[in-house]
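Chains as they are written, first to last, in this note's numbering: chain L, 46 to 304; chain B, 27 to 299.
I should point out that these hints are in silico values taken from the structure, not numbers from a laboratory. Each residue gets a CB set at the ideal place from its N, CA and C atoms; glycine is no exception. One should not assume that every hint holds.
As a list, the in silico DSS-like pairs of lysine-lysine whose alpha-carbon atoms are at most 30 Å apart [unchecked claim]:
#1 Lys263(L) x Lys237(L)
#2 Lys237(L) x Lys291(B)
#3 Lys263(L) x Lys291(B)
Chain L stretches covered by chain B per the calculated footprint, using a threshold of three residues with CB under 8 Å from any CB of chain B [what the hints assert, rightly or not]:
#4 83 to 95
#5 204 to 210
#6 279 to 289
Label pairs and their in silico Cβ distance ranges [unchecked claim]:
#7 Glu196(L) x Ala46(B): 34 to 44 Å
#8 Ala201(B) x Arg298(L): 40 to 50 Å
#9 Leu78(B) x Gly251(L): 21 to 31 Å
#10 Arg86(B) x Asn59(L): 25 to 35 Å
#11 Arg301(L) x Leu135(B): 13 to 23 Å
#12 Arg154(B) x Gln292(L): 28 to 38 Å
#13 Ser64(L) x Leu214(B): 54 to 64 Å
#14 Arg154(B) x Arg298(L): 38 to 48 Å
#15 Leu135(B) x Ile287(L): 51 to 61 Å
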Amino acid sequence: MALTDWDGLSPTRNFVGLSNFREMLEDPAALGALRQTLIIAVAVTVIQNALGLLLALGVHSRIKSRNVLRVFLFAPAVMTPVVTAALWKYMLAPDGAVNGLIAALGPDSWRRNWLGDPTLALWSVIGVIVWQFAGYSMVIFLAGLQSIPQEVHEAAAMDGATGWSRFRHVVLPLLAPAMTINLMLSIIGGLKLFDQVWVMTGGGPGTSTETLSTLIYKNAFQFNEYAYSVALAIVLTVFVAIFSGGQYGLLRRRERAIR
Amino acid sequence: MNRYRPRTLLREAAMIAVTAVIAFPLYVLVNLSLRDPRDGSSIVLPTTSPTLGNYADAWREAGLAGAIVNSVVVTAVSVAIIVAVSAMAAYPLARVTARWSRWTFLLVLLGLLLPFQLALLPLYQTIRDLNLLGTLWSLVLFYSGLQVPFATFLYVGFLRVVPREYEEAALIDGAGPIQVFWRVVFPLLRPVTGTVVILNAIFVWNDFLTPFLYLSGSDQQTIPVAIYGFIGQYVSQWNLVFAGLVIAMLPILIVYFLMQRHIIKGFAGGLKG
Chain L
46 MALTDWDGLS
56 PTRNFVGLSN
66 FREMLEDPAA
76 LGALRQTLII
86 AVAVTVIQNA
96 LGLLLALGVH
106 SRIKSRNVLR
116 VFLFAPAVMT
126 PVVTAALWKY
136 MLAPDGAVNG
146 LIAALGPDSW
156 RRNWLGDPTL
166 ALWSVIGVIV
176 WQFAGYSMVI
186 FLAGLQSIPQ
196 EVHEAAAMDG
206 ATGWSRFRHV
216 VLPLLAPAMT
226 INLMLSIIGG
236 LKLFDQVWVM
246 TGGGPGTSTE
256 TLSTLIYKNA
266 FQFNEYAYSV
276 ALAIVLTVFV
286 AIFSGGQYGL
296 LRRRERAIR
Chain B
27 MNRYRPRTLL
37 REAAMIAVTA
47 VIAFPLYVLV
57 NLSLRDPRDG
67 SSIVLPTTSP
77 TLGNYADAWR
87 EAGLAGAIVN
97 SVVVTAVSVA
107 IIVAVSAMAA
117 YPLARVTARW
127 SRWTFLLVLL
137 GLLLPFQLAL
147 LPLYQTIRDL
157 NLLGTLWSLV
167 LFYSGLQVPF
177 ATFLYVGFLR
187 VVPREYEEAA
197 LIDGAGPIQV
207 FWRVVFPLLR
217 PVTGTVVILN
227 AIFVWNDFLT
237 PFLYLSGSDQ
247 QTIPVAIYGF
257 IGQYVSQWNL
267 VFAGLVIAML
277 PILIVYFLMQ
287 RHIIKGFAGG
297 LKG
């Protein structure tokens with residue numbers, strides 16, 4: 046399919062070899078979407094997991110409200126992405142809640158057009174994704190933390206490890222499996238991102254938040270560039286395979302090295 | 027380490043603050059959905075005279091009743107098929123030691139690796155050629171095919187650590203293999219079945235792109251598609267839109283709050299496997 050010029054409707058399709066892929070390399074829309082997709086995937090993975098780990102450490106500790114907090118922190122992750130995206134579209138509108146809150150608390154000059162400013166929109170989208178799924182990372186890290194036996198902590202304390210060094214040399218290595226799963230899930234989720242972008246920005250302003258997934262959709266169902274769209278889907282697949290396969294190999298090696 | 031110290035209090039305050047920030051959008055959502063559109067006071071302040079009028083309007087305008095029924099049907103049927111097929115497939119894959127069993131399992135795992143974007147467009151064509159576009163069956167078919175590999179993977183992992191003695195005892199007592207499976211093995215699989223149900227139900231319920239493609243132009247809609255159309259139509263009437271959003275997310279949030287203990291455990295456990 047990717048090797049033809051089919052538009053999805055006409056009865057004829059001609060074999061065109063690799064020209065769809067060649068076209069991609071000269072297509073600013075495709076290159077832009079690829080760039081945005083990679084930025085989203087990497088940024089979401091780093092920020093979401095850092096925040097998720099901090100939250101997990103927080104609700105794993107001995108605080109009294111931990112059970113209630115867990116429920117609320119994880120709630121966004123079960124909500125329908127279309128619903129949360131619509132909610133955030135309003136929150137981030139020029140006269141929305143975020144700017145309203147800024148106006149109430151700080152200087153007016155901090156107000157921004159979060160989704161309408163091409164330099165900010167991509168980061169606003171990233172922020173929303175992190176907001177929704179940080180709780181997801183948290184739950185997986187929490188499972189990892191709970192599987193660390195109490196004796197390990199006691200042994201570490203006996204050896205004089207405290208605070209940061211205990212975290213760095215004892216807890217973090219034992220979280221390696223949870224880390225593997227979390228990084229895989231968030232990077233694949235970031236690469237495939239569609240719903241939130243589609244609802245919040247539709248890829249705009251301009252093409253500043255276009256992702257591979259939104260571009261695949263537009264080419265197939267709006268521009269009637271069916272074959273080109275399939276070619277884009279293959280590129281996305283290759284990226285997912287490289288990232289997930291490569292990452293899995295690396296992290297597994299690390300897990301084994303630690304043991 | 028076991029005592030509640032001032033430092034713990036500090037940590038508690040910090041965590042409550044962070045959670046409040048993360049929950050703030052939900053507060054805004056509910057707050058505005060209860061507010062009369064003419065009430066122009068700051069969105070941060072609680073609504074002084076809450077009204078359910080927006081909810082009545084949104085319920086009427088967005089056609090949510092039909093969408094909720096459709097979402098429930100698609101989710102329930104898909105999850106039932108996924109559970110039945112994966113559990114039954116996993117049983118021989120985990121128990122039979124013949125060479126074909128290993129190869130078949132690897133083939134199932136291949137289904138895990140290939141991302142579904144690759145199949146999205148060819149599948150769209152197939153569904154169109156089968157004249158299933160616009161029907162709920164197209165979704166059931168899609169989700170069952172998509173999710174069976176992962177569910178099978180979870181079941182096989184679990185079955186490998188379940189002892190065989192019960193099955194052998196049942197066989198000796200004269201039960202056939204199918205009876206053994208449904209009467210003995212399947213009940214033993216309950217924990218992992220819970221995980222499979224939860225993970226898939228959330229996924230199917232929330233999915234937007236597939237029903238958006240397969241149901242567009244038809245009068246059949248699922249919740250995410252109905253909400254998407256609704257926000258497009260009433261883009262400037264936020265109070266109304268917010269009431270619609272609350273209605274749309276209530277079913278899944280109610281299920282979540284009722285079952286949160288199992289869900290959080292299931293998520294972590296299922297993903298560990």
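*If you check each hint against the structure, which ones fail?*
3, 4, 5, 9, 10, 15
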